[in-house]
Amino acid sequence: AQSVTQPDIHITVSEGASLELRCNYSYGATPYLFWYVQSPGQGLQLLLKYFSGDTLVQGIKGFEAEFKRSQSSFNLRKPSVHWSDAAEYFCAVVPNAGNNRKLIWGLGTSLAVNP
Amino acid sequence: DTAVSQTPKYLVTQMGNDKSIKCEQNLGHDTMYWYKQDSKKFLKIMFSYNNKELIINETVPNRFSPKSPDKAHLNLHINSLELGDSAVYFCASSQGRGGRANSPLHFGNGTRLTVT
Chain A
1 AQSVTQPDIH
11 ITVSEGASLE
21 LRCNYSYGAT
31 PYLFWYVQSP
41 GQGLQLLLKY
51 FSGDTLVQGI
61 KGFEAEFKRS
71 QSSFNLRKPS
81 VHWSDAAEYF
91 CAVVPNAGNN
101 RKLIWGLGTS
111 LAVNP
Chain B
1 DTAVSQTPKY
11 LVTQMGNDKS
21 IKCEQNLGHD
31 TMYWYKQDSK
41 KFLKIMFSYN
51 NKELIINETV
61 PNRFSPKSPD
71 KAHLNLHINS
81 LELGDSAVYF
91 CASSQGRGGR
101 ANSPLHFGNG
111 TRLTVT
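In order, the protein sequence lines correspond to chains A and B. Residue numbering for the first sequence follows our numbering, starting at 1 and increasing by one per position. Residue numbering for the second sequence follows our numbering, starting at 1 and increasing by one per position.
Isolated chain A (complex conformation) (with noise of 0.2 Å):
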């Protein structure tokens, strides 16, 4: 079955460490892939998205992802962590072949930063 694996459940950081968040995927031809950011309390935001082109997509708030086709991951990083940044963060996935275009969602990191 096609399926997002976000394999850490939850991370804890130390403010101004570097982040990297995982993500892989199954399948075959590049998808299309997201990274959305879940603040407390509130509703999920659009971090990047990764489509074609250039796999180091730049996105809001200091991240970056990368794609990597042998790897069929999507990992997002960022170099210097703020507070702030303490959310879940969810990998999302549409597969771009068939009929079925619909997204699939991994199970979220929860990020903890320590001041």
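Treat the hints as calculated values from the structure; they're not laboratory data. Hints may be right or wrong, so weigh each one.
Only some residues are given here: those of chain A computed to face chain B with a beta carbon under 7 Å [as the list claims (entries may be wrong)]: (1) Tyr-25; (2) Gly-43; (3) Leu-44; (4) Phe-63; (5) Glu-88; (6) Leu-107.
Beta-carbon label-pair distances, calculated as ranges [as the list claims (entries may be wrong)]: (7) Glu-82(B) <-> Gly-53(A): 45 to 51 Å; (8) Thr-116(B) <-> Arg-77(A): 17 to 23 Å; (9) Asn-79(B) <-> Gln-58(A): 32 to 38 Å; (10) Gly-28(B) <-> Ser-26(A): 30 to 36 Å; (11) Asp-8(A) <-> Asn-17(B): 34 to 40 Å; (12) Gly-16(A) <-> Asp-70(B): 47 to 53 Å.
Being a predicted model, the structure only gives us computed values, none of them experimental. Beta carbons: idealized from backbone N, C-alpha and C, even for Gly.
Since chain A is already given, all that's left is putting chain B on it; use the hints.
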């Protein structure tokens, strides 16, 4: 100027009651959605409407009935509420007919439903 707004923000009710959640978007989007997020943060799509037409109807109990009076509004009515309905319900919208695969979603801030 909230892009996707849903009301109420909190809803506490007893089992067996009927309740509604309202959603409005001012982005001019053609497609609107209802998502359910459980206590483990898992997101599950429930319904999707494109310009008042139902296009996605996942395996959701018949007690849940969406209504779209126009393309800017999508309401969710729930009959005979059960304990398991307790969750956060998110409304979202996206551009394009049929919710184009590459169109990002814009979410409301959610309605936290607690059934006692």
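Legend entry - Hint check: 7 Å Cβ-Cβ cutoff, Leu-107(A) to chain B: With a minimum Cβ separation of about 6 Å from chain B (threshold 7 Å), the hint on Leu-107(A) holds.
Inset, instruction - Against chain B, run the beta carbon of Glu-88(A) and see if the smallest gap drops under 7 Å. - result: Where the cut-off is 7 Å and the nearest Cβ of chain B is about 6 Å from Glu-88(A), the hint holds.
Legend entry - Interface hint outcome for Tyr-25(A) [beta carbon to chain B under 7 Å]: violated, 14 Å
Legend entry - Range hint compliance [Cβ, Gly-16(A) to Asp-70(B), 47 to 53 Å]: holds, 48 Å
Inset, instruction - Mind checking the hinted window 32 to 38 Å against the Cβ distance between Asn-79(B) and Gln-58(A)? - result: Between Asn-79(B) and Gln-58(A), where Cβ atoms are some 46 Å apart, the hint is violated.
Legend entry - CB-CB spacing for Arg-77(A) and Thr-116(B) relative to the 17 to 23 Å hint: violated, 43 Å
Legend entry - Interface hint outcome for Gly-43(A) [beta carbon to chain B under 7 Å]: holds, 3 Å
Inset, instruction - For Asp-8(A) and Asn-17(B), compare the CB-CB distance with the range 34 to 40 Å and indicate the outcome. - result: holds, 39 Å
Legend entry - Restraint satisfaction for Phe-63(A) [CB to CB of chain B, less than 7 Å]: violated, 14 Å
Inset, instruction - Kindly confirm whether 30 to 36 Å is satisfied by the beta carbon distance between Gly-28(B) and Ser-26(A). - result: Because 35 Å falls inside the window, the suggested range holds.
Legend entry - Glu-82(B) versus Gly-53(A) beta-carbon gap, inside 45 to 51 Å or not: Holds, since Glu-82(B) and Gly-53(A) (Cβ atoms, about 47 Å apart) stay within the stated range.
Legend entry - Leu-44(A) as chain B interface residue, shortest Cβ-Cβ below 7 Å: Interface hint status for Leu-44(A): holds (5 Å vs cutoff 7 Å).
Hint compliance for this structure: hints 1, 4, 8, 9 are broken, all remaining hints hold.
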